[in-house]
Amino acid sequence: MAIRQISVFVENKPHRLADITGVLADGDISIRAFSIADTADFGILRLIVNETDKAVELLKKAGAAVSITEVVGISIPDVPGSFAKVVKMLSDSGDNLEYSYAFLTPQAGYAYVIVRVEDNEKAEKILRENGITVVDESNEF
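Note that numbering that gives the first Met the number 0 has the sequence shown beginning at 0, numbered continuously upward.
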């Protein structure tokens, strides 16, 4: 099952990121993972949070441009070559990895990886068939 990721368009100006994260903090939203991609004029803040629907509502109410994208979450051993193995599996299946970001898990020796691919269901099936643990929003990040 895919994880819902929030994408927020952030103007590349002082205080904008602080404003957005402040809205979430004030709403008692826990940011479990994030990634920021930037250009000269704006950035895209990608978030995995504990309460997606509530976070989207709060951000929209604050005037932020927000969208939800389904992504795949996996747990892999924190050892050299683990991510390369996943990328090869997806590539060999013909699925394009658009972007990815990772963070350590509470479980020692493992990392969570978020991947955005063209076909989530296909990717999840391939990964599971190859012994990769697929995680969803119910997992405690």
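Do not rely on the hints blindly, as some may be mistaken.
Derived DEER-like restraints, expressed as beta-carbon distance ranges [what the hints assert, rightly or not]: (1) I30 with E69: 14 to 22 Å; (2) D77 with D40: 17 to 25 Å; (3) D18 with E128: 37 to 45 Å; (4) T38 with I67: 17 to 25 Å; (5) A17 with M88: 15 to 23 Å; (6) E10 with E97: 32 to 40 Å; (7) E128 with K12: 25 to 33 Å; (8) N138 with K84: 16 to 24 Å; (9) D118 with I43: 34 to 42 Å; (10) R127 with F41: 20 to 28 Å; (11) E97 with N138: 18 to 26 Å; (12) P13 with K124: 41 to 49 Å; (13) N11 with G80: 32 to 40 Å; (14) E97 with D77: 36 to 44 Å.
Calculated cross-link-like contacts (lysine-lysine; reagent style BS3-like; alpha-carbon spacing at most 27 Å) [to be verified]: (15) K53 with K12; (16) K87 with K12; (17) K124 with K87; (18) K124 with K84; (19) K87 with K53.
No wet-lab data here; the hints were simulated from the structure.
Each residue gets a CB set at the ideal place from its N, CA and C atoms; glycine is no exception.
So, going through the hints one by one against the coordinates:
{"no.": "1", "hint": "I30 with E69: 14 to 22 Å", "in the structure": "holds (18 Å)"}
{"no.": "2", "hint": "D77 with D40: 17 to 25 Å", "in the structure": "violated (36 Å)"}
{"no.": "3", "hint": "D18 with E128: 37 to 45 Å", "in the structure": "holds (44 Å)"}
{"no.": "4", "hint": "T38 with I67: 17 to 25 Å", "in the structure": "holds (21 Å)"}
{"no.": "5", "hint": "A17 with M88: 15 to 23 Å", "in the structure": "violated (39 Å)"}
{"no.": "6", "hint": "E10 with E97: 32 to 40 Å", "in the structure": "violated (23 Å)"}
{"no.": "7", "hint": "E128 with K12: 25 to 33 Å", "in the structure": "violated (46 Å)"}
{"no.": "8", "hint": "N138 with K84: 16 to 24 Å", "in the structure": "holds (21 Å)"}
{"no.": "9", "hint": "D118 with I43: 34 to 42 Å", "in the structure": "violated (22 Å)"}
{"no.": "10", "hint": "R127 with F41: 20 to 28 Å", "in the structure": "violated (36 Å)"}
{"no.": "11", "hint": "E97 with N138: 18 to 26 Å", "in the structure": "holds (22 Å)"}
{"no.": "12", "hint": "P13 with K124: 41 to 49 Å", "in the structure": "holds (45 Å)"}
{"no.": "13", "hint": "N11 with G80: 32 to 40 Å", "in the structure": "holds (36 Å)"}
{"no.": "14", "hint": "E97 with D77: 36 to 44 Å", "in the structure": "violated (23 Å)"}
{"no.": "15", "hint": "K53 with K12", "in the structure": "holds (25 Å)"}
{"no.": "16", "hint": "K87 with K12", "in the structure": "violated (38 Å)"}
{"no.": "17", "hint": "K124 with K87", "in the structure": "holds (15 Å)"}
{"no.": "18", "hint": "K124 with K84", "in the structure": "holds (15 Å)"}
{"no.": "19", "hint": "K87 with K53", "in the structure": "violated (36 Å)"}
Taken one by one, the earlier hints fail for this structure at numbers 2, 5, 6, 7, 9, 10, 14, 16, 19, listed in ascending order.
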